[in-house]
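Residue strings, one per chain:
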Amino acid sequence: MLVIKNLKASVDGKDILKGLNISIKPGELHAIMGPNGSGKSTLANVLSGKVGYKISGELKYEGKNLQEIPIDERAQKGIFLAFQYPTEIPGVNTSNFLRTSLNKVRKAQGKQELDALSFIRIIKEKSNELGMDEKMLSRQLNVGFSGGEKKKNEILQMKILEPNLIILDETDSGLDIDALKIVAEGVNSSRTDKKSFLVITHYQRLLNFINPDFVHILSDGKIVKSGSMKLAEDLEKTGYKGIK
Amino acid sequence: MLNFKINSNEIDNIGNFNAKEKEFRLKNLDSFNKNGFPNKKSEDWKFSDLREIVSKNFKKLDLKLVKTKVQKINFIKEFDHNYIIVTNGELTSSNFKFEEKNKIKVQSYSNNSFTNKQEENPLINLNHALSDKGYFLEIKENYKFKKVLVIYNLYTSNLNENILNCKNKIKIGKNSELHILEYAINHSKKNFFNNIYENVILEESAIYKNISIYNEKSFGYFHKYSSNKLDKKSSSTFFIFPSGLKFNKLDLEFDLNGENSECNLQAASYLNYDDHQEIKTRINHFAPNCKSFQKVKNVLNSESKGVYQGKIFVKDNAQKTDAYQLSKAILLNDSSEFNSKPELEIYADDVKCSHGSSSGNIEEDSIFYLMSRGLSRQESIKLLINGFLSEITDEIKSNSIKNFIVNKLEDQLHEHKKH
Chain A
258 MLVIKNLKAS VDGKDILKGL NISIKPGELH AIMGPNGSGK STLANVLSGK
308 VGYKISGELK YEGKNLQEIP IDERAQKGIF LAFQYPTEIP GVNTSNFLRT
358 SLNKVRKAQG KQELDALSFI RIIKEKSNEL GMDEKMLSRQ LNVGFSGGEK
408 KKNEILQMKI LEPNLIILDE TDSGLDIDAL KIVAEGVNSS RTDKKSFLVI
458 THYQRLLNFI NPDFVHILSD GKIVKSGSMK LAEDLEKTGY KGIK
Chain B
265 MLNFKINSNE IDNIGNFNAK EKEFRLKNLD SFNKNGFPNK KSEDWKFSDL
315 REIVSKNFKK LDLKLVKTKV QKINFIKEFD HNYIIVTNGE LTSSNFKFEE
365 KNKIKVQSYS NNSFTNKQEE NPLINLNHAL SDKGYFLEIK ENYKFKKVLV
415 IYNLYTSNLN ENILNCKNKI KIGKNSELHI LEYAINHSKK NFFNNIYENV
465 ILEESAIYKN ISIYNEKSFG YFHKYSSNKL DKKSSSTFFI FPSGLKFNKL
515 DLEFDLNGEN SECNLQAASY LNYDDHQEIK TRINHFAPNC KSFQKVKNVL
565 NSESKGVYQG KIFVKDNAQK TDAYQLSKAI LLNDSSEFNS KPELEIYADD
615 VKCSHGSSSG NIEEDSIFYL MSRGLSRQES IKLLINGFLS EITDEIKSNS
665 IKNFIVNKLE DQLHEHKKH
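Protein chains in written order, with my numbering: chain A, 258 to 501; chain B, 265 to 683.
Derived by calculation from the structure, the hints in this document are not laboratory data.
Any given hint might turn out to be false.
Stated by the list, open to error - For the chain B half of the interface with chain A, some residues (derived, Cβ under 8 angstroms), not all of them:
#	residue
1	V334
2	D396
3	F400
4	L648
5	N650
6	G651
7	S654
Backbone N, C-alpha and C define an ideal beta-carbon position, used for all residues, glycine too.
Just need the whole structure built from these sequences, with the hints factored in.
Structure follows, in structure tokens:
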């Protein structure tokens, strides 16, 4: 699904990723943990195509060079990034936006676009699963949403767009325990043998609920250690300093 | 440079006037001829050098316009409405089928107030000297319109470097209510200039709502001065969607003369190519406990230029004034320009006045967010522009009219090409 070899990324001449390797197969859920400033968000941004980074190394998604695929086409080809800080978009109705987005993706994938009624059915079902207030969907996109509402809205988009590769960038940060469980459940119920996940996080607590297949420690722009869930548990005891 | 001096016999060509009117017209013609079109040396015109704009775009300005046959127009089908049709500024027909006829008076306008007030604006002089068309609409006391009144402003295909001078007057009687949609339909293909002078009088507790929009783009160069006088407890609400012309200057003045009167003015524009648009307002708080609210939003593309000059004046006795003013602009292009000049002049001590102004580019983070959900860059920008302007349209209460306006604005944005 995703192969990253010797990925280096710098912004404004500052090296952030310094030779990162990771390979994710269909159906796998990988977690990347790391301290502040280790390059976690840069990795997420590079994968989603954010401009401003100087990149070298190999980035392959389903065998194709990811760097040659524009941002919007990445989404259309099934890559989804749940943002750490979802952007507030004034004046844009959440529900209308979700439908526009879904139909863009469906159209690109050769599927039929959904009419308003079928869409409402889907969005109602999915937002109920996440315990979201339906009124939120008629509000302006992310405007005035609480931290938890924003993150749930990201997971809602993930569920609606049905991507193949899902990158969660610190989706757990700022969530209370109930919201964390709902988000984790949203991830768990989306897992299939075809979908892959890359979960970026500071803490072990989200991982307790979603059971990753692999855990990697990112430090100073490189994966310094890889292992199973046990690695995350050890990390919780020793801290990042104890790993090195 | 176009030397636009007007011979005094042009006044005789318009009609036969009594001595008093003739003198009024001659005096104003003199003033105009002395000053010519205003240029940027004049404070009120420093962002809109009309002399240069006219010189650049007109070889002549023809006062004569042959009347055309009655033209068919496509009436709005989306909602029931009364209408009047104004062709090149001239009242050509009216229909008030939803209303009680004896409550309404509509006729071609003839001026009968010949003040000695020395006008500073040469365009007003020009209008006073040469106005020969327009309408007078009067709503008697205690009458609320059942349906909206659409004013179809039609501009015909024979317009070619003409200048129109129109005078309109609207008077709304005590406790009466009128909603107007000013809807411009353009058949013209050449440059023309339209110079409008408007007088709006709201008697006690009268309510006036006005929405204006252009159905299609034209090569019109418009100047409109509007004087609005509000008696106590009256209220006027304006939603202005002024884009669609090559040049448009709206000079709007509101006199809050009576206690507890209020005015609310909101504008949303999308300017493209070398469109030039200025909204200039002056809100005069002359009485206590009055409210004024202004919100002006501009999106500027290509080489377009937008201006907002907003002044709030609060007289010493106008205590408990509540005045608000906000201007926001998005510049899509380095060659576009937006100038804003907010002004407060306050002589009362117990007032609430606030103003704000901002302009900038569309945030790249917002574009990135939308693109990461599968929208192209172009679609993302369009959605963000729509969102920016929808803050104004969302305030329109009638759903059918709101949808009508939103669709028209969409059409204007549709021409938004890659930049």
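Status of each hint after checking the structure:
Checking V334/B against chain A by beta carbon gives a least distance of about 42 angstroms; that is not within 8 angstroms, so the hint is violated. Hint on D396/B is violated. Least Cβ distance to chain A is approximately 44 angstroms, over the 8 angstroms limit. Because the beta carbon of F400/B sits about 39 angstroms from the nearest beta carbon in chain A, more than 8 angstroms, this interface hint is broken. Satisfaction of the interface hint for L648/B is found here, the shortest Cβ-Cβ separation to chain A being roughly 7 angstroms, below the 8 angstroms cut-off.
Hint status for N650/B: holds, given a least beta-carbon distance of 7 angstroms to chain A, under 8 angstroms. Annotation: interface hint on G651/B holds; nearest CB of chain A at approximately 3 angstroms, less than 8 angstroms. Evaluation of the S654/B hint against chain A yields a held restraint, the C-beta minimum of about 4 angstroms falling below 8 angstroms.
When the structure is compared with the earlier hints, violations turn up for hints 1, 2, 3 and for no others.
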